[in-house]
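So the sequence lines, in the order shown, correspond to chains A and B.
Each residue of the first sequence is one higher than the one before, counting from 1 in the working numbering.
Each residue of the second sequence is one higher than the one before, counting from 227 in the working numbering.
Please note: incorrect hints may appear among the correct ones.
To be verified - Chain A residues, not near chain B, derived (Cβ > 12 Å throughout):
(1) Thr56
(2) Thr76
(3) Val78
(4) Pro96
(5) Ser113
(6) Asn118
(7) Ile135
(8) Thr154
(9) Tyr160
What the hints assert, rightly or not - Straight-line distance between alpha carbons at most 27 Å, and here's what the computed DSS-like set of lysine-lysine pairs gives:
(10) Lys806(B) with Lys557(B)
(11) Lys129(A) with Lys163(A)
(12) Lys58(A) with Lys806(B)
(13) Lys481(B) with Lys432(B)
(14) Lys432(B) with Lys559(B)
(15) Lys636(B) with Lys79(A)
(16) Lys796(B) with Lys806(B)
(17) Lys432(B) with Lys738(B)
(18) Lys648(B) with Lys58(A)
(19) Lys738(B) with Lys559(B)
(20) Lys481(B) with Lys58(A)
(21) Lys806(B) with Lys25(A)
(22) Lys58(A) with Lys796(B)
Stated by the list, open to error - Looking from chain B toward chain A, a few residues come up when the C-beta cut is under 10 Å (computed):
(23) His390
(24) Gly500
(25) Ser588
(26) Arg590
(27) Pro597
(28) Asp630
If you are wondering where the hints come from, they were derived from the structure by calculation, not from laboratory data.
From the three backbone atoms N, C-alpha and C, an ideal C-beta is built for every residue, glycine too.
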Amino acid sequence: MFVGRSTGRLGGLNNSESGGVADAKNLRVKLVLLGDSGVGKSCIVLRFVRGQFDPTSKVTIGASFLSQTIALQDSTTVKFEIWDTAGQERYAALAPLYYRGAAVAVIVYDITSPETFNKAQYWVKELQKHGSADIVMALVGNKADLNEKREVPTQDGIDYAEKNGMFFIETSAKTADNINQLFELFEGEEQSVRQKLLTHWLSSKLGSCRGKVVKEHFIAPFHWRT
Amino acid sequence: MSSSDSSSSSSVDDPNPNPKPLDNQFESLNLEQESESTIIQNDDGEGQQDQESSLNGSLNVNRNNHEQDDRIDGGHVTSVLWRRTNSEVEVDGPSSPSSSGYAGERGSSGASEDDEIHEVANHGVIDGVFDSQAAWLPGKRHVDEDDASISWRKRKKHFFILSHSGKPIYSRYGDEHKLAGFSATLQAIISFVENGYMDELGDRIKLVRAGKHQVVFLVKGPIYLVCISCTEEPYESLRGQLELIYGQMILILTKAVNRCFEKNPKFDMTPLLGGTDVVFSSLIHSFSWNPATFLHAYTCLPLAYGTRQAAGAILQDVADSGVLFAILMCKHKVVSLVGAQKASLHPDDMLLLSNFIMSSESFRTSESFSPICLPRYNPVAFLYAYVHYLDVDTYLMLLTTSSDAFYHLKDCRIRIETVLLKSNVLSEVQRSMLDGGMHVEDLPGDLLPRSGSASHLGQHQQPTDSPGRFREPFVGIGGPAGLWHFIYRSIYLDQYVSSEFSAPINSPRQQKRLYRAYQKLYASMHDKGNGPHKTQFRRDENYVLLCWVTPDFELYTAFDPLADKGLAIKTCNRVCQWVKDVENEIFLLGASPFSW
Ligand SMILES: Nc1nc2c(ncn2[C@@H]2O[C@H](COP(=O)(O)OP(=O)(O)OP(=O)(O)O)[C@@H](O)[C@H]2O)c(=O)[nH]1
Ligand SMILES: [Mg+2]
Numbered sequence: 001m002f003v004g005r006s007t008g009r010l011g012g013l014n015n016s017e018s019g020g021v022a023d024a025k026n027l028r029v030k031l032v033l034l035g036d037s038g039v040g041k042s043c044i045v046l047r048f049v050r051g052q053f054d055p056t057s058k059v060t061i062g063a064s065f066l067s068q069t070i071a072l073q074d075s076t077t078v079k080f081e082i083w084d085t086a087g088q089e090r091y092a093a094l095a096p097l098y099y100r101g102a103a104v105a106v107i108v109y110d111i112t113s114p115e116t117f118n119k120a121q122y123w124v125k126e127l128q129k130h131g132s133a134d135i136v137m138a139l140v141g142n143k144a145d146l147n148e149k150r151e152v153p154t155q156d157g158i159d160y161a162e163k164n165g166m167f168f169i170e171t172s173a174k175t176a177d178n179i180n181q182l183f184e185l186f187e188g189e190e191q192s193v194r195q196k197l198l199t200h201w202l203s204s205k206l207g208s209c210r211g212k213v214v215k216e217h218f219i220a221p222f223h224w225r226t
Numbered sequence: 227m228s229s230s231d232s233s234s235s236s237s238v239d240d241p242n243p244n245p246k247p248l249d250n251q252f253e254s255l256n257l258e259q260e261s262e263s264t265i266i267q268n269d270d271g272e273g274q275q276d277q278e279s280s281l282n283g284s285l286n287v288n289r290n291n292h293e294q295d296d297r298i299d300g301g302h303v304t305s306v307l308w309r310r311t312n313s314e315v316e317v318d319g320p321s322s323p324s325s326s327g328y329a330g331e332r333g334s335s336g337a338s339e340d341d342e343i344h345e346v347a348n349h350g351v352i353d354g355v356f357d358s359q360a361a362w363l364p365g366k367r368h369v370d371e372d373d374a375s376i377s378w379r380k381r382k383k384h385f386f387i388l389s390h391s392g393k394p395i396y397s398r399y400g401d402e403h404k405l406a407g408f409s410a411t412l413q414a415i416i417s418f419v420e421n422g423y424m425d426e427l428g429d430r431i432k433l434v435r436a437g438k439h440q441v442v443f444l445v446k447g448p449i450y451l452v453c454i455s456c457t458e459e460p461y462e463s464l465r466g467q468l469e470l471i472y473g474q475m476i477l478i479l480t481k482a483v484n485r486c487f488e489k490n491p492k493f494d495m496t497p498l499l500g501g502t503d504v505v506f507s508s509l510i511h512s513f514s515w516n517p518a519t520f521l522h523a524y525t526c527l528p529l530a531y532g533t534r535q536a537a538g539a540i541l542q543d544v545a546d547s548g549v550l551f552a553i554l555m556c557k558h559k560v561v562s563l564v565g566a567q568k569a570s571l572h573p574d575d576m577l578l579l580s581n582f583i584m585s586s587e588s589f590r591t592s593e594s595f596s597p598i599c600l601p602r603y604n605p606v607a608f609l610y611a612y613v614h615y616l617d618v619d620t621y622l623m624l625l626t627t628s629s630d631a632f633y634h635l636k637d638c639r640i641r642i643e644t645v646l647l648k649s650n651v652l653s654e655v656q657r658s659m660l661d662g663g664m665h666v667e668d669l670p671g672d673l674l675p676r677s678g679s680a681s682h683l684g685q686h687q688q689p690t691d692s693p694g695r696f697r698e699p700f701v702g703i704g705g706p707a708g709l710w711h712f713i714y715r716s717i718y719l720d721q722y723v724s725s726e727f728s729a730p731i732n733s734p735r736q737q738k739r740l741y742r743a744y745q746k747l748y749a750s751m752h753d754k755g756n757g758p759h760k761t762q763f764r765r766d767e768n769y770v771l772l773c774w775v776t777p778d779f780e781l782y783t784a785f786d787p788l789a790d791k792g793l794a795i796k797t798c799n800r801v802c803q804w805v806k807d808v809e810n811e812i813f814l815l816g817a818s819p820f821s822w
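Could you put together the complete structure from these sequences and hints?
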């Protein structure tokens, strides 16, 4: 609300190498996480990057930058440069700074909170309006461990993601077990999914594919280290 | 405190016709032991301060065997006679608690600070702050309380932020939303005050007293800040604290937040401050442990001159590449800082910025990029802060006006970090954190100038196996002449140095009490209309407090309450000399943004 837009100079946080591919063997993917405060964006990133979960709340200020390189089987590497944005309202207007030029947007909600699901839809619309046309979006319902408190049915997430051509996944940054189980669901598929994601992203970068990603059930947007 | 600074600093009122360099001033401060022994006799309280103020930059000593010591409080002096015969101590005249403004500070160390309110202290919380600083946990407590709770009413110091329409924005205790009714009441009082009710002097009322409680108001456009306190802190101190709280809010939102109220007077601001409780509670906590909150100065981590220079050089390097401010800090202490041309950083901005960074845990997990506003630098614009922790306590802040400078700042940080590692700055910083700064036990014993530049802070430190600072603390041991603690503030540098706490000022509670006493001294010394040279000597059950303000520096010292006045004064001179001797290590000299 106060940040950014009024200055009229939101160039976007692009690396000199345009937030994209370094070379065919070493891919760089700029990824941004968006979503309401407290849905677990930082926890998801820290689980992914450091394999940790810290339950103490550490509300993000502005945005945090982290990176993680993963190796694919065909000896290519993918370096994720991750912008973990602050969900606090006062930083909302700052978001374009971080999603501008992002190849992947991960939009997170908390399955126990319908308001955060609404907020996720707000972000999807915002990205459809102001994000780059070829941005790959994933919808993530987090805190799947709190199933007994669930207020957003999985099907609602799937439906919304499908309608908007997004990937969909439910996660728990807290319980590594849950994450493992999710991945066991897609064992073997994982690689191809990631390849598909990257291929799509690459091709869209090349301008040959402008369509939306076809949604598949429970597709991991990236490889979860457990 | 560079010599060029001090040479230009003689006071207009200084009766010595020749401007003296600081060195010479120090020499002239060697005490005239037998002269003017009448100075400290206090037949009546009036003018006592002025008498002491007339000491021409020298502290004078009364060598009588027993001294009559004085408390000065708004012109009223309560006398206590301490008779000192060999090792015997007698109290000849008990003090009258009601006649001294120091009553709040003076409860014996075992007792609660306040005679009336015990509940809070008895639960190990003083003034809402946990008794041990180590045990202080960030974040708001007692959210379950509201203005109907007895516990809420008993808290000794409340802070509120509310909008001019009476909507709560922040409350130190309790849930803001539950306090809506109370906020409305406050708002009504403020409106009454704002609508022109004047006191005898024609000033808008900013302070209301109700029994033991003071209610201090600060009106900032559509935002009202209120402190309700029974801590007996001076009005100026409480007002200064409200100013800082307002500044902290501006740091997070900028003054642009006022526009929301123009559009909608009933605007609810609380969502905009979401997740910042911890920032405010940490600031409020620092009012009782961080002297920067009332000195309006910052402090440096003690480091060898060359080490700080090395850090400054690489920071300067990045500042030249379009960074507005580059600041390297370790906890609340500055390692080095530089500003781009002409840009200067106010100590209050540094305090608020470091409080914001340190209290927001997320900065520790990874590098961050966030908009912040420096209220003293420019309250209406955001800067962008790149923040990165280099180790657990040491963090680098690179401030810029450009919202898309992240990758540039990240590169700068990598360069800085590499240089700091190569030149061992980071390990020196760690070592300094362990060693601490100036220990009163290490106060050099003579007034002879030590051999030039060979003087180092470390030289005065005692080996670990000697009865030095590592010994078990026990009551009554401190520096020479009963020196327990000091704070030296350099006016020109906007910096202060505070000695490490030593026995018997061991507990956070005692430290807080001492800071409160200093704060009171500070307020009285900065009362308008006093000359440039001022001294104060106060003795009560807790301490002897000796304060000395000159155009160059301010010295606040605390001694054993039984300390000999003459020796105490002499010791103050030694402290000043010591600070001068090690200024290269304890202050950031030269290339600071303040010297432009
Ligand atoms: N039960 C459960 N709790 C979680 C999970 N992920 C995060 N949390 C909790 O949710 C709270 C908020 O998590 P964060 O990661 O800080 O939320 P955020 O989305 O980064 O919030 P902002 O930084 O304010 O935008 C933390 O206290 C976590 O303990 C999860 O998978 N399961
Ligand atoms: Mg976060």
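Going through the hints against the structure:
With a cut of 12 Å on Cβ distances, Thr56(A) falls inside the contact zone with chain B, its closest approach being about 7 Å. Annotated as non-interface, Thr76(A) keeps its C-beta farther than 12 Å from every C-beta of chain B; the closest such distance is 24 Å. With a cut of 12 Å on Cβ distances, Val78(A) stays outside the contact zone with chain B, its closest approach being about 19 Å. Once the 12 Å rule is applied to beta carbons, Pro96(A) is inconsistent with being away from chain B; the minimum gap is 10 Å.
Listed as outside the interface, Ser113(A) is consistent with that label: its C-beta sits roughly 15 Å from the nearest C-beta of chain B, beyond the 12 Å cut-off. Against the 12 Å criterion, Asn118(A) stays outside the reach of chain B, whose nearest CB is about 15 Å from its own CB. A cut-off of 12 Å between C-beta atoms confirms that Ile135(A) is not in contact with chain B; the least separation is 18 Å. At roughly 28 Å, the least C-beta separation between Thr154(A) and chain B is larger than 12 Å, which holds for a residue marked as non-interface.
Even its closest Cβ contact with chain B, about 25 Å, leaves Tyr160(A) beyond 12 Å, as expected for a residue assigned away from the interface. Distance restraint check for Lys806(B) and Lys557(B): the Cα-Cα separation of roughly 25 Å lies within the 27 Å cut-off, and the hinted pair is therefore satisfied. Straight-line distance between C-alpha atoms of Lys129(A) and Lys163(A) comes to about 16 Å, which keeps the hinted pair within the 27 Å bound. Between the alpha carbons of Lys58(A) and Lys806(B) the distance comes to roughly 43 Å, so the proposed pair goes past 27 Å and is violated.
This hinted pair checks out: Lys481(B) and Lys432(B) have alpha carbons roughly 22 Å apart, not beyond 27 Å. Between the alpha carbons of Lys432(B) and Lys559(B) the distance comes to roughly 33 Å, so the proposed pair goes past 27 Å and is violated. Restraint check for Lys636(B) and Lys79(A): satisfied, since their Cα atoms lie roughly 17 Å apart, inside the 27 Å limit. Only pairs whose Cα atoms come within 27 Å are accepted, and Lys796(B) paired with Lys806(B) is accepted, the gap being roughly 16 Å.
The hinted pair formed by Lys432(B) and Lys738(B) meets the criterion: a straight-line CA distance of about 26 Å does not exceed 27 Å. As the CA atoms of Lys648(B) and Lys58(A) are separated by approximately 32 Å, the hinted pair breaks the 27 Å bound. The straight-line distance between the Cα atoms of Lys738(B) and Lys559(B) is roughly 19 Å, inside the 27 Å bound, and the hint therefore holds. With a C-alpha separation of about 26 Å, the suggested pair Lys481(B) and Lys58(A) falls inside the 27 Å cut-off, and the hint holds.
Of the supplied pair hints, the one linking Lys806(B) and Lys25(A) is violated, its CA atoms being roughly 61 Å apart against a limit of 27 Å. Simply put, Lys58(A) and Lys796(B) have alpha-carbon atoms about 50 Å apart, too far for the 27 Å limit, and the pair is violated. Violation of the interface hint for His390(B) is found here, the shortest Cβ-Cβ separation to chain A being roughly 19 Å, above the 10 Å cut-off. Below 10 Å, beta-carbon pairs count as interface contacts, and Gly500(B) has one with chain A at about 5 Å; its hint therefore holds.
Because the closest C-beta pair between Ser588(B) and chain A is about 4 Å apart, less than 10 Å, the hint holds. Because the smallest distance between the Cβ of Arg590(B) and any Cβ of chain A comes to about 8 Å, under 10 Å, the interface hint for this residue holds. At about 5 Å, the closest approach between the beta carbon of Pro597(B) and any beta carbon in chain A falls short of 10 Å, and the interface hint on this residue holds. Taking 10 Å as the C-beta cut-off, the interface hint given for Asp630(B) holds, the closest approach to chain A being about 4 Å.
Checked against the numbered hints listed earlier, the structure breaks hints 1, 4, 12, 14, 18, 21, 22 and 23; every other hint is satisfied.
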